[in-house]
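Participant: Protein sequence lines correspond, in order, to chains A and B. FYI, in numbering that gives the first Met the number 0 the residues of the first sequence are 0 to 94. FYI, in numbering that gives the first Met the number 0 the residues of the second sequence are 0 to 481.
Some clues are possibly wrong.
[What the hints assert, rightly or not] Computed, partial: chain B to chain A, Cβ under 8 angstroms: (1) Ile48; (2) His80; (3) Gln83; (4) Gly182; (5) Tyr311; (6) Tyr317; (7) Asp345; (8) Lys384; (9) Ile393; (10) Ala441; (11) Gly442.
Keep in mind that the hints were calculated from the coordinates and are not lab data. In this text, a Cβ means the ideal position worked out from N, Cα and C, and glycines have one as well.
Take a look at the letters that make up each chain.
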Amino acid sequence: MEIKREDILHLADLSNFSLSEKEIDKLGGDLKDIIKYISQLDELDTDKVEPTYQVFEMDNVWRDDEIIPQDAEREMLLKLTKNEANHQIKVPKVL
Amino acid sequence: MKTANKKITAERLVKDALDKAKHFADYNIFTFLNEEGALKKAREIDARIARGEKVGKLAGVPYALKDNFLSPEGETTASAHILQEFISPVTATAVAKLEAEDAIMIGRTNLDAFAHGSSTENSFFGPTLNAYDKERVAGGSSGGSAVAVALDIVEFATGTDTGGSIRQPASFNGVFGLKPTYGCVSRYGVVAMASSTDCIGFFTKTPEDMDLLMSIASGQDPKDLTTLADYYNGESQEQCLEGLPEVTTEDDGASDPSLKNTVLAPRRIGIIKDFDNESVDKSIRDALKEKCELLKSKGHEIVELKMPSLKYALPAYYIIVPAEVASNLSRYDGVRYGFRSDESKDLDQLYENTRSEGFMPENKRRIMIGNFVLSSGFYDAYFLKAAKARTLIIEEYEKAFEKCDYILTPVSPSPAFKLGEKVNDPIAMYFEDVMSVSLNLAGVPGLTIPVGKTDTGLPIGLQLVGPRRSDKKLINFAKEIA
Numbered sequence: 000m001e002i003k004r005e006d007i008l009h010l011a012d013l014s015n016f017s018l019s020e021k022e023i024d025k026l027g028g029d030l031k032d033i034i035k036y037i038s039q040l041d042e043l044d045t046d047k048v049e050p051t052y053q054v055f056e057m058d059n060v061w062r063d064d065e066i067i068p069q070d071a072e073r074e075m076l077l078k079l080t081k082n083e084a085n086h087q088i089k090v091p092k093v094l
Numbered sequence: 000m001k002t003a004n005k006k007i008t009a010e011r012l013v014k015d016a017l018d019k020a021k022h023f024a025d026y027n028i029f030t031f032l033n034e035e036g037a038l039k040k041a042r043e044i045d046a047r048i049a050r051g052e053k054v055g056k057l058a059g060v061p062y063a064l065k066d067n068f069l070s071p072e073g074e075t076t077a078s079a080h081i082l083q084e085f086i087s088p089v090t091a092t093a094v095a096k097l098e099a100e101d102a103i104m105i106g107r108t109n110l111d112a113f114a115h116g117s118s119t120e121n122s123f124f125g126p127t128l129n130a131y132d133k134e135r136v137a138g139g140s141s142g143g144s145a146v147a148v149a150l151d152i153v154e155f156a157t158g159t160d161t162g163g164s165i166r167q168p169a170s171f172n173g174v175f176g177l178k179p180t181y182g183c184v185s186r187y188g189v190v191a192m193a194s195s196t197d198c199i200g201f202f203t204k205t206p207e208d209m210d211l212l213m214s215i216a217s218g219q220d221p222k223d224l225t226t227l228a229d230y231y232n233g234e235s236q237e238q239c240l241e242g243l244p245e246v247t248t249e250d251d252g253a254s255d256p257s258l259k260n261t262v263l264a265p266r267r268i269g270i271i272k273d274f275d276n277e278s279v280d281k282s283i284r285d286a287l288k289e290k291c292e293l294l295k296s297k298g299h300e301i302v303e304l305k306m307p308s309l310k311y312a313l314p315a316y317y318i319i320v321p322a323e324v325a326s327n328l329s330r331y332d333g334v335r336y337g338f339r340s341d342e343s344k345d346l347d348q349l350y351e352n353t354r355s356e357g358f359m360p361e362n363k364r365r366i367m368i369g370n371f372v373l374s375s376g377f378y379d380a381y382f383l384k385a386a387k388a389r390t391l392i393i394e395e396y397e398k399a400f401e402k403c404d405y406i407l408t409p410v411s412p413s414p415a416f417k418l419g420e421k422v423n424d425p426i427a428m429y430f431e432d433v434m435s436v437s438l439n440l441a442g443v444p445g446l447t448i449p450v451g452k453t454d455t456g457l458p459i460g461l462q463l464v465g466p467r468r469s470d471k472k473l474i475n476f477a478k479e480i481a
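Based on the provided sequences and hints, a complete structural model is requested.
Facilitator: In structure tokens, the structure reads:
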């Protein structure tokens, strides 16, 4: 499968980062190799096989509807951000 | 392992460990040394011992924590730039359980950033060096933890294993490393890589230590809904020795029931024929043959297995795991914690700049592959196909364990390789995981057992694999054959 420059830029866009020219060249080559490698799954006959997403069946775990204390309080969480004002996390303009 | 008492104080144990950590600074094992915190804790434990109070099973035992376990002591960075300056307000369940038994964390260990890698060369802090040859890699991703135990700095270290990240560095540095059954140890508070294959485990010098740590760390956790109902401590020693036609003892005192003197019943050990080829280093194939001869001489049976689907484990793994990585790493955006790129004109640019600067090349590769295999048009051909291959791999293990009790295989195709040898060739690096990833896809446990050295003195390990929930049996069997 051919991986074009636009494909690399599209994947970077989906991934929410940008790439330098050098990265586009290097990652472009790498991705081509990796996709070729993982494409060998084509050989495998999986027509009547169900997919597995989790190795164990997951059951609902129920508990009483009570408020239990959280591990981290609001103040502790706010301390982690780089820019805080009036008990809010500050970011550059959204629109 | 040595625990603190009135004669050997916790302070002494911790000081010794810290001294050794500093002595081996050139190996680049630690991302953080917990000098103040560790000594403070040690003195508290010593005071309790002096007062005659009860202390935990790991009283004063110094340990190393892989830097992707959250705790408020030091920055939790996962060796990634994007998590710099992150001091966790929460503590991982596994850490809380160890600390409740009075173990003392003396430092956080280096890893491939976000555990993406098999050599610890993808760390933002540079590579960790192999304990036996400073020109070679420590293995990875838990390279720092493996070397900390191998150089005898600490009694044990924590690790995470998504595709071999405990077993391969354990093998490269000559120590025991366990990847438990999926869901045996809580993942709460551990930086997520691939949620359906991530496992929490340990590096130790003996199987006995491994057993003790697993008895403490395992168990259901309401904070991790994928944890299994407790089974590790439910299994009595007798159950682990089940099916014994006779119990003989090596000494004359036949009344001594302790495990040490017990000779286990003959077991059927599976050898995977598909792995017996030129792509595996001769020293490793020879070590496996030698071990098989030894097992036969002890009365065990060697069973040859054909597992043709395992060939597809690595490509399936490098579809499923990047897909989960892309999802799990989407949370790092510079807003709430960790590194934030300055001078972005709007929010979108803040996300983009932070992620562009904060991720290592391998992180970017995996996120992009993940988004590729999940994107419309490719989902069926890649992600769904891999999820189906995973079913075939699980079925193959189930069939294999009808024919044998355990499987013994190489951990990786070669002993520790040279620094820089594979770091620019992702496929060559991924191939390091070719024998380890199938266990994660199937959820079965695997234990690296050190079995010897190459002619040039590099450690060789083999991996003992069992069915799901056989963790304790694996460890007990390792006590006999190691």
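Participant: Report the numbers of all earlier hints that the structure fails to satisfy, in ascending order.
Facilitator: 1, 2, 3
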